[in-house]
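Colleague: Read off the chains here:
Protein chains: 2
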Amino acid sequence: MKFVVDQQVEDIEMPENLKLNTFLQEFHSDCPHPECNFGFYGFAFGQSPFPVPKLIQNALIKNADKGAYAAVPGIPELRNAISKYNKHYFDMDIAPNRIYVGPGTKELIFNLLEILHGTVILPTPAWLGYLPQIRFLKKNYHMLPTRANKKISPSDLRKLALRLQDRQKILILNNPNNPTGLLYDRLELEEIADVCKEQNITVISDEIYALTTYDFSKFVSMAKIYPEGTFVTNGLSKSHAAGGYRLGYVIFPQHAVDLKTQFKKILATEYTAVSTPIQHAAVAGFEISNEMNEYFEVTRNIHQIMGEYTFHALSSIEGVKATKPDATFYLLADFNSFAPDLQKAHILTSQKLSEALIVHPFHTAIVGGDSLVLERTDFSARIAYVDYDGAMVYQNYLENKPKSNAEKIEFVKKNAPKVVAGLDMIADFFGKLRKDALYDTESSSSVVVP
Amino acid sequence: MKFVVDQQVEDIEMPENLKLNTFLQEFHSDCPHPECNFGFYGFAFGQSPFPVPKLIQNALIKNADKGAYAAVPGIPELRNAISKYNKHYFDMDIAPNRIYVGPGTKELIFNLLEILHGTVILPTPAWLGYLPQIRFLKKNYHMLPTRANKKISPSDLRKLALRLQDRQKILILNNPNNPTGLLYDRLELEEIADVCKEQNITVISDEIYALTTYDFSKFVSMAKIYPEGTFVTNGLSKSHAAGGYRLGYVIFPQHAVDLKTQFKKILATEYTAVSTPIQHAAVAGFEISNEMNEYFEVTRNIHQIMGEYTFHALSSIEGVKATKPDATFYLLADFNSFAPDLQKAHILTSQKLSEALIVHPFHTAIVGGDSLVLERTDFSARIAYVDYDGAMVYQNYLENKPKSNAEKIEFVKKNAPKVVAGLDMIADFFGKLRKDALYDTESSSSVVVP
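Just so you know, the protein sequences line up as chains P and Z, in that order.
Going by full-length UniProt numbering, the first sequence opens with residue 1, and the numbers climb by one from there.
Going by full-length UniProt numbering, the second sequence opens with residue 1, and the numbers climb by one from there.
You can take every hint at face value.
Repeated chains share a single entry, so a pair holds when one copy, or any two copies, can fit it.
Distance condition first, Cα-Cα at most 27 Å in a straight line; then the derived DSSO-like pairs of lysine-lysine:
1. Lys159 / Lys138
2. Lys264 / Lys139
3. Lys260 / Lys2
4. Lys264 / Lys352
5. Lys352 / Lys418
6. Lys2 / Lys87
7. Lys159 / Lys2
8. Lys264 / Lys2
9. Lys54 / Lys87
10. Lys324 / Lys408
To be clear, the hints were calculated from the coordinates, so they are not data collected in a lab.
Given only the sequences and the hints, what does the whole structure look like? Please build it.
Modeller: Shown next, in the form of C-alpha cells:
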C-alpha cells in the first residue's frame, strides 16, 4: 500500500538538531581510530549538563500515583506557583488564569503559531526549532537578519513591518538568545516595543533562558515593557535542567480573554493536558525556595565561568569573532574571515564545515550556520559549552568557589577537560587550514573533507 | 491590542467533554439544595477509576532523575517493551522501529491526521475527540452512521468510499468502541478490511481499550487482518488507568518506511519527545509480568460486572435500548422512544436532555448524543460506569470474587452505590417523564427544564 502524505509535511525539513544527531550517531560508530572511543567534543547539544533539582525529583516521586487527567490549562497549584515565580523573579503580576501549561515550550509556541493569524518575523540567527514550525503551518514569514552586534535593529524591524501587508505581524523574540547568548537590556527592549506598538506587532517572547542570566538583575521580561502585546514562554527545560521532563508555560497578555478560550480549545483538541505527575513535580521547581535559589545561582555561575573561558579561547584564534554571552550556555562564533581558506579546502557551506570538524582528528561537534537560519555559506556556528559532568562540577563549585580569573581558568581546566580540548581542536583546525591555504598545497592538505 | 485568530481555530468547537466539564463545575457550585453536596452521579467521564499499577508508579519513582531529552520516537527500552507486549497480548510481530511514542494517543492521532492526505471517514457514534481534530486540520470528512447493531456496515462503507473522489481515504476505526462498548470480532474486521483493500482505504485503528475486553481471547487487532493499511494506536490511558500520565504509541504498517521519516519530522517539530521519566515508567506497564496480568484481569472483570449491571438496569426501563458492552467501561443508551414525551417537556435536543438530568433532583451526568457525533435531536447517551472508589473495589474483588449473578449484583450494590443510585435516577426521570406526558399537565411537570 502506498500512502499519500500531505504536501506541507513533505516540504518541511527535519529540524537540524535531529539531522545532526543522526550524523553524530553514525559518525561515532564508524570512526576507525581505536583511540577515538571517547566519541567527540560536544559543542552541539543545547542541553544543561546539571542534574534535575532534587526538589523537583522528590515532588515527582511523591506524585507518581497521580494517574487522573489534569485540567487542560494546568493544575491550579502549578498555575499559582508560576504566578508567584513571575512575581518573585521577574517582578510581574500575572494572574494564574493568564498562564497555560504545555508539554514543553516548543509545543506551546507551535500552538501560538497555530492560533495567531499573521506574518511571522524571525530575527536571525535563530534557534533551530522555530522555522520548521512556521513552515509546517504554512505561515507567511520574513527573516530579520540582525546587525553586527547580533541584535535586532529597531529601524530594520520598522522597515520590514512597513513592507508587510498583514494587519497582524508576529515577532519571535528570543531573550536571552539562543544561539548568541546575548541579553537584550531594558533600553533595547523599549526601542523594539516602540516599533511593535507603532506597527501593531504581536511578540512571542521566548524567555526559556531567563533564569540563566549571569547578572540576573539585568534581565527584564518583554511582558513588562510591552504587556499588551507580548506572549511570554518559559519552562523547566533550561534553567531547571529538566528538558526531558517536557513542561513549559505561556503567559497571555492581560486582555486576551477571547484568545485564551481559543487557545484552550487547541490544547484540548491536540493533547488534553500535560502529564499530571510532571505538573506536580514542576510545582516544586517554580515555588520560591532556598534550594531553587541556590540551584539557579550555582548553575548560572558555572555557565558564566565556562562561557568566559570559551569566549576567550575562541577570540584568541586570529580571525575568529565570538559573541560574549550574558546568559544561556551558548555563544555564536563567526569563522567567516576564513572563508577564502575554507573555499580552498572545498568547504563551501557551514554544513561542510561542521562535517570537517567532526571527522578525525578533530572530533568536534558544532551546530553550523544553516541550522541557525543563516545563509548556507555563512561560516558561523553555535558553541554550547556544556560537555562536562554537571553533578560533579556543581559539587566542586560548592566546595571551592573560584574567584579570581586565574582560579576560574583552573576551574574550567580541572572540571571541563573536554571543553578545553575541544576548543584546542577548533584552534588547531583553523590554524592548519590557514597554514595549508598559505602554502596552497592542496594535495598535502591536513584538513580532510569527508 | 486586538489579536487576529486564524479562522480554522474559530471554527472548531470546544471538545464536548470540556464543555460538559465546565457545565458540571458551574452546576455543582450553584446547586441551592444543601443535601446535594455529593455533587452528581457521574456517568460522564471516560476515566478508569483504578489506581495506576504499582509497578508503573515504582518505575516512575526510580526514574525521577531522568532529565535529559529522549529520542524523538521514544526510548529504545520502551519501544522494545511495546514490541513484546504486542507479541504477547495481540500475537503480532512488530519491530520496535515501527513504533512511535507520543504524549497520549490523542496527539498521535492528530499527528497521523496531519501527515496523511485524504478524506476521513468517521463512523458514528464516535468518541468526542476525533471531530475537533479533523475540523481543525480542515480535512475533508464524511460521517458513516452505523446500523441498528451500532457497528460499521461494510456495504455502507463501500458505498461511501465509491462516492469519494480522494485517492486516499482514512477510516477511523475505534475497536473496542467508545461509546458503545462493543467489540468487532474477527469476521466483522475481515469484512471491513476487504472493503478497505478494494477501495484503498487507510485505517487508523484506535485500540486504546483493547486490554479491557472482557473475554480477552476475542480481541483481534485490525493490524493482524489488514497489516498493509493499518495504523494502530494504543497506550497507558485506559487499560493501565494512567490517562494522566499522557503516553500513547502508534504502530506503523510494515512498509511505510518513508512515512515514518515524515512522521518523525512532525514529532520533532511539534514536541521533541515524550517526558523521559514517564517513558521509563511506561516500560514497566508494557513489560510482561504477573502483576500487570493480574491487573488487567481484575480491572476488566470489575468493568464487566459493572457493565452488566448497568446494561440490565437500563434495559429494564421500558422503552430504553442499550448496547451490551464487550469491553471498555461504557455503553450507549438509546432513549429515542421517549422523543414525543421529551418534546412535550420542551426537551428538544440531547444537550437539553443532559441538562435536564443534571439538575435537581436527578443529579445525573451523562454525555449526550451530539457529543458523540450524532444528530442533536438523537436522544442517545454514553453511560460510563466508573463512579466508584477503584482502589477499594479492586481490593474487595480480590478478597471475595463474586461468581453467581446474585453475588455480582450484590457486589455492585455494595461497591458502587453511586452507580446504582444514578441508574435509579435515570429510571425515575424517564418514569416521571412518561407519567407527565400521559397526563399532559405541563404546568405541574415534575421534570424541570433549566
